[in-house]
Amino acid sequence: MLTHLEYDGKEVIDHIRFEDLLTGGSRIFYKTHFLPMLMMQGKVDELFLSLSSKSGKEYPVLMNMVLSDNSQMHTVHAVGLHMAKRNKYEKGILEAKQAAEKALKENALLLKMKSELERHQELLEQQLRELKRINQQHVEFNKVLSHDMQEPLRKIQLFAGILEGKTEKKKDGEKFSFYLNKLQDLSLYSRDLLMKLQRYHSLEKRMNKFTSGNLEEMIQAAVSKLNIPEIQPDFSKLRVKEVRGDIPRLTWVMRELMANAYRFRIEDTPLKIEISSELIKENYYKTVQDAYRYTDFIQIRVKDNSMGFPNYGQDNAFGLLQKFHVESGKGLGLAYCKKIVDLHHGHILKKDNAEGGSQFTILLPYLP
Numbered sequence: 001m002l003t004h005l006e007y008d009g010k011e012v013i014d015h016i017r018f019e020d021l022l023t024g025g026s027r028i029f030y031k032t033h034f035l036p037m038l039m040m041q042g043k044v045d046e047l048f049l050s051l052s053s054k055s056g057k058e059y060p061v062l063m064n065m066v067l068s069d070n071s072q073m074h075t076v077h078a079v080g081l082h083m084a085k086r087n088k089y090e091k092g093i094l095e096a097k098q099a100a101e102k103a104l105k106e107n108a109l110l111l112k113m114k115s116e117l118e119r120h121q122e123l124l125e126q127q128l129r130e131l132k133r134i135n136q137q138h139v140e141f142n143k144v145l146s147h148d149m150q151e152p153l154r155k156i157q158l159f160a161g162i163l164e165g166k167t168e169k170k171k172d173g174e175k176f177s178f179y180l181n182k183l184q185d186l187s188l189y190s191r192d193l194l195m196k197l198q199r200y201h202s203l204e205k206r207m208n209k210f211t212s213g214n215l216e217e218m219i220q221a222a223v224s225k226l227n228i229p230e231i232q233p234d235f236s237k238l239r240v241k242e243v244r245g246d247i248p249r250l251t252w253v254m255r256e257l258m259a260n261a262y263r264f265r266i267e268d269t270p271l272k273i274e275i276s277s278e279l280i281k282e283n284y285y286k287t288v289q290d291a292y293r294y295t296d297f298i299q300i301r302v303k304d305n306s307m308g309f310p311n312y313g314q315d316n317a318f319g320l321l322q323k324f325h326v327e328s329g330k331g332l333g334l335a336y337c338k339k340i341v342d343l344h345h346g347h348i349l350k351k352d353n354a355e356g357g358s359q360f361t362i363l364l365p366y367l368p
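In the working numbering, the protein residues as written are 1 to 368.
Simulated from the structure, these hints should not be mistaken for laboratory data.
From a predicted model like this one, the values you see are computed outputs, not experimental measurements.
Among the clues, some could well be false.
No more than 30 Å apart at the CA atoms, straight line, and that leaves these computed lysine-lysine pairs for DSSO-like [unchecked claim]:
no., residue 1, residue 2
1, Lys91, Lys105
2, Lys351, Lys281
3, Lys102, Lys132
4, Lys54, Lys91
All chains, please: the whole structure from these sequences, using the hints.
Structural data, given as structure tokens:
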């Protein structure tokens, strides 16, 4: 050992104390812990100390010491085992620990970044949907203002001209009343249509706060509001009943779909309406390409045996002022339904049944 410490026996014996051969840290440990333990217990097993060579190099050893007490003096017998690679191993363990801690931190950071990215993708999806919806709405309103709203006004002008001509030539009370009634009907129609369009356009501002509702109770409320004996829907297949959203608006959607089934029912055929619901997994992203996050949606199906809409695809079915039959109102019902579902970040689809009738599928994000 003296060779490793760069000393010979003459330099050490009677000249250098054991503690003087220790490094600073080991010297403190020796005085405060090692030596008191040796004096109390008479021995010390496997304690690590670092010796310092003449040139200052560190020499790690594992020490065993025994105190021998004779009549003249205390003698300490010591055995030291050189631990040349201990520091290397400890350094390796420390580096491995630090690497593991760094990996954990980086993994936590990656998870946080992934969560943040998903949140931004979700926000982007909502913004793109909103932009697409607004653009489509503007296109439809341009069509309405350029054509659909002009037609009643044109007819008003036509009948007004006829009325003016008739009153100049001769007084014909019966024809005068007929044309006057036409003018009044068209005026009322135009006013009613304008009011409905204004309600449609301002729907975002009039949405109620989202609350929880029971789908079965919503269907019953819709049936009660319609007050039509023939409308008795079968809702025995409701697998999920809890819905969260603007409950009055969603109830109106159910009412409108059932009213359509009744309005376009087949004569001499009992009306059948079946409403079912279930929980499904669906990709949340419909607008952002190559983005996938499957979440829970409540799927509501309204199926009937009415005449259906065989000549209209998905895009036309929910268009503004889209009239499917001659006597089918103003063509705002399904457009209103779609807008309500869109404002819930959901989807509504139309499908004609193979056996006849129509089926509407509503997908709403499931928010328990």
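How the hints compare with the structure:
Only pairs whose Cα atoms come within 30 Å are accepted, and lysine 91 paired with lysine 105 is accepted, the gap being roughly 21 Å. Distance check on the hinted pair: lysine 351 and lysine 281 sit about 20 Å apart at the alpha-carbon level, within 30 Å; holds. This hinted pair does not check out: lysine 102 and lysine 132 have alpha carbons roughly 44 Å apart, beyond 30 Å. Note on lysine 54 and lysine 91: the hinted pairing holds, with a Cα-Cα distance of about 25 Å set against a maximum of 30 Å.
Against the hints set out earlier in the document, a violation occurs for number 3 only.
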